[in-house]
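Novice: So the chains spell out like this:
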Amino acid sequence: MLLAVRHSTRYQYDEPVRESVMELWMQPQKRTHQRLISFELEIDPAAQLFSYADTFGNAVYHFDIPQPHDKLTITARSAVETEPPPALPTQLDRGEWDRLKSDFVRGEHFDYLHPHGFTGPTESLAKFIAERKLEELRVRDPLSAMRDLNSILYQAFAYEAGVTRADSPIDHVLKARKGVCQDFAHVMIAICRGWGIPARYVSGYLFTDRKAGDRSDPDATHAWVEVFLPSLRWVGFDPTNNILAAERHIACAVGRDYSDVPPSRGVYKGEAESELAVGVTVRKARAAVSEPEFLRISQPAPRPGQRRSQYSGLAYDQQRQQQQ
Amino acid sequence: MVKGTSRVELQAAKTEAAGRAPVVAATPLPYDEMRDAAGKVRPHYAALAERIDTLSSDELAERQKTLERFFLLQGITFTVYGAESSTERIIPTDLLPRIIAAEEWKTIDAGLTQRLRALNMFLADIYSGQQILMDGVVPRDLVLNAPSYRREMQNLYVPHQAYANVCGSDLIRQPDGKFAVLEDNLRVPSGVSYMLANREASKRVFPGTFRGAGVRPIDRYPDLLLTTLKSMAADWRPNPQVVVLTPGVYNSAYFEHAYLARLMGVPLVEGRDLVVHDNMVYMRTTTGLRRIDIIYRRVDDDFIDPLTFRRDSGLGSAGLFNAYRAGNVVICNAPGTGVADDKAVYAYVPEIIRYYLGEDAILPNIETFLCREPAQLSHVLANLDKFVVKAVGASGGYGMLVGPHSTKAQQDEFAAALTADPENYIAQPTIQLSTGPCLIEHEIDSRHVDLRPFILCGEKIVVTPGALTRVALRKGSLVVNSSQGGGSKDTWVLTDKKDLQP
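For the protein sequence lines, the chains are A and B, in the order given.
Per this note's numbering, the very first residue in the first sequence carries number 30; after that it's consecutive.
Per this note's numbering, the very first residue in the second sequence carries number 13; after that it's consecutive.
In isolation and in its complexed conformation, chain A is listed as follows (with noise of 0.2 Å):
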């Protein structure tokens, strides 16, 4: 599948701001099943970029602006061809639990099976495991298991934009039963980490199809998880949408969780209220690529205590943009 990505992201400053300094994760990876064509990065005001590979292995691209300005948009552009991933097999073995207690996936994976930020066990997720019955899952065998973790997560959340923000701990959804992809993924990620299986965020876009039953917003970016099963290697799982991570999937950025690989992320001088706007189209290539008609507007971030007449040379943290 030949798909077309813009992303468009805009912060506004109610005044000028100075010494902006970003950081992006924006480029689609280079990966099985999936080829980079193009990629074009946009920044206004102009800066240079640069970038370098962060642990995990994810393209990071970054910039400053150090003079006064009330107005910075980012537009990402990509091009990539995707190809379904091969059929699963219907089940594997039980063997499966041992070989994931083998040495070698607890060293190399180390960092995905370990609670970091978002991801750590709590007593709501203690409680929705118990309400679920979700450790009964693990009587069959890791393949089953993630399969109807996958749906079950999909019943038991709504999906419902608004409800949580980009740094909200995975309670809220718990206790909402409603959020974004990005409260799934985290959710999922948590419970299959508790069961050693190793598990990683992956931040990207889908190309949504409703008629295939899909129900996150295709103006946001999207995220899911990709578990590690020795014999698969890593398997992706789409708990907003109830699907595994197929060709109408574009992964830029995996990590231990959101804050690891966020789309944007940035500091800036200077005391000003700022708006963050993002836009995701994705299009099949070689039909029209139109752009955005209107940006979403993202909740504003309260910010105690900014006003107070600190020392100007704090740095604020920019908003960042949940992923939905």
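Careful, some of the hints might be misleading.
What the hints assert, rightly or not - Quick look at which bits of chain A chain B covers, simulated, 3 or more residues with Cβ under 8 Å:
(1) 46 to 52
(2) 90 to 103
(3) 139 to 150
These are computed hints drawn from the structure, not numbers from a lab.
By construction, the Cβ of each residue, glycine as well, lies at the ideal position given by its N, Cα and C atoms.
Please arrange chain B on chain A, whose structure you already have, making use of the hints.
Specialist: Below, chain B without anything else, positioned relative to chain A:
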């Protein structure tokens, strides 16, 4: 003269009595720096002992006053967090120098060099191939789950593999007279300014004895530090710009930051003086931006870059770490060195030395119990009154329990903390630190002392022939940290007479 001698002997006797107090009855007597078991003055202390004998109590008090005036005039102060009084106070300093014989120093020098070499190799390994973890010498989760382990450092190029450029190790002398390492400080060790200032002061109070003793000079430390820092710069930057990065005037070691910057002749900057543009680091000056090559940072890892590390930090500069990653600036000590001085990793240092160098550790460790091991935890819990328990992440004498000097309530509190979070604690047997003569309330008395030498590591490793001797000023106390009310004194490392002959 006779009077003086008897006073010293009397005090020595008192110390012995204190050493036999019921709490520490089972432990052997501490090693006395000045006198051997028979009460005879050790040869390297002879000159000092003779000089003290000629001085009356008043004369000693006079000298102590001179010393304190010197410190006050120099503004040599530090801060105790949480203390109610004013923020800064003069560091309590003792008049009488601590003397180390040439022969003993040779062992210390070799031992510290070996240790730092191995620790730098360890850091280079865990931030690249992680061979030592694969071979199971150090448990993987001990390193990778440590908060001081920085994934951002993975696969970065560090010149000369010198991660820890400035290291201050804490040594103690055990009752048998052998030195052992109590702690490695590889993050942002402080105290070196007191070493330099103490020397200036002791030259003033014992000029004659100092000249005659053949004390090895330490005045070159600032030069050596600057050379070490410059050796970390890229070859194509022939005249690298070095700066000292301080968290600001409210930091407990601010005096030291300013002192070192002045002695090295380099700018002292705060995070807000720096700006990162196009992956280069600049400082704002009255004549515009000036590019920086080396940052000797005295700010903790967490705070150096709000973009990469703690996002609420106002002490660093955003984008600094990306510039470091690109090789456009060098941060000394490298971020992430803290994982090698972690108190739990400490227990494995002799193994680490054997693994990388194939040698036995010249300076031994103190026996350490890791509470993360259930068997060792239950042993510690059963003997809380005999152990010193320390939190793995903490430093500076905060968050520790000295068993024999603790109350039952304190022990219960720690027992609860240990059971709740065993991974966070280690325990060591209570060590009798050696004692040295100190002038306390116009009398000479014995107090427990430790030793913190400073090691520089750039292109090569240099151990400064001097150290900060910290004194536990309260009688019988074993806690020497300056943040816990300890004092310091000058340390004389003597020249080997053989080295002097042509």
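Novice: Against each hint, give a clear statement of whether it holds in the structure.
Specialist: Each hint tested on the structure:
With 3 residues bearing a CB less than 8 Å from a CB of chain B, the segment 46 to 52 of chain A meets the requirement of three and the coverage assertion stands. For the segment 90 to 103 of chain A, the stated coverage by chain B holds: 3 residues have a C-beta nearer than 8 Å to a C-beta of that chain, and at least 3 were required. Against chain B, the segment 139 to 150 of chain A contributes 3 residues with a C-beta closer than 8 Å to a partner C-beta. That satisfies the three-residue criterion, and the hint holds.
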